[in-house]
Amino acid sequence: MEPLSEKELGELLKKWQAPAAPPGLEEKFFPETRRLPWWRWLFSGSVRVPVPVCVIALVILLVSVFATTRTSQAPEPSLREVKFSDFQPVKQLQPRIIRGAYEGN
Amino acid sequence: MTDPEFRAAFHEHKDAIYRFAWRMTNSAAAAEDVAQDVFLSLLRRPDGFDHTRGQLRSFLFGVARNLALKRWREENRWAPLEEERFIAEPVDAARGETAEIVGAAVRALPPLQREALVLAEYEGLSLDEIAHAVESEVGAVKARLHRARENLRRMLAPLKESDKRSPASHGTTE
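In order, the protein sequence lines correspond to chains A and B.
Under the working numbering, think of the first position of the first sequence as 3, with each following residue one higher.
Under the working numbering, think of the first position of the second sequence as 898, with each following residue one higher.
By construction, these hints were calculated from the structure, which means they are not laboratory data.
Small disclaimer: the values here were computed from a predicted structure and weren't measured.
Which bits of chain B does chain A cover? Going by a derived footprint, with three or more residues having C-beta under 8 Å, they are:
#	segment
1	904-914
2	918-926
3	931-940
4	984-996
5	999-1012
6	1044-1055
In this text, a Cβ means the ideal position worked out from N, Cα and C, and glycines have one as well.
Full structure from sequences and hints, please.
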């Protein structure tokens, strides 16, 4: 059997193609390139917030919490239920006579 | 090596290193492992690469080559890396598609012939670069490459006969 020529060999070798590197290889070194489904972001995503915005939000939160606590601490009139048995006869009468001005003389 | 430098090196060479490992190991999983270890070694020991001794590409291929040969050695403990009397059996042209037959023929070569052929034919490395990657003399690389081509010319000859008989009988996987 006659061997292939160099040209024929070169043409045949070109037909054996190798795949490119899989995306998983890059993700191992650079995790930020990982493409997640959008709903996974709700569990594992993060948001970058500027510090001034964060401080202002914290102050507003503290003020609102403080205001809420102050309001809840204000004394409320106690409304006690009164039963019929609470009405008892007076044990000792201490009458006090208040005279009117017209009765003076 | 700074982070941007590593990123640039990774993006420039990842596909070539993976392809080389894939052709040497014949396994996607093994090729990914080899490629990962190559870039890990660059990340952990960047001093291992001396730019005065050669290009980064040759260095990375050299690391990949050593890792692939280590795997091959684990599976073929007693087989020689270079077989002077390697018998190039002609392929069975009716066994599959041309690309698969060519791949099987290249994979059947002894490892030192195969790596020289893959680096020269598929990755376009010069003899000097291959010699640097495989830590060998240029003359030895040239001889391996010559033997690899001779073997493949005989092994793949049935494809030529088959094409003569029926030009449209073999497809490719491309």
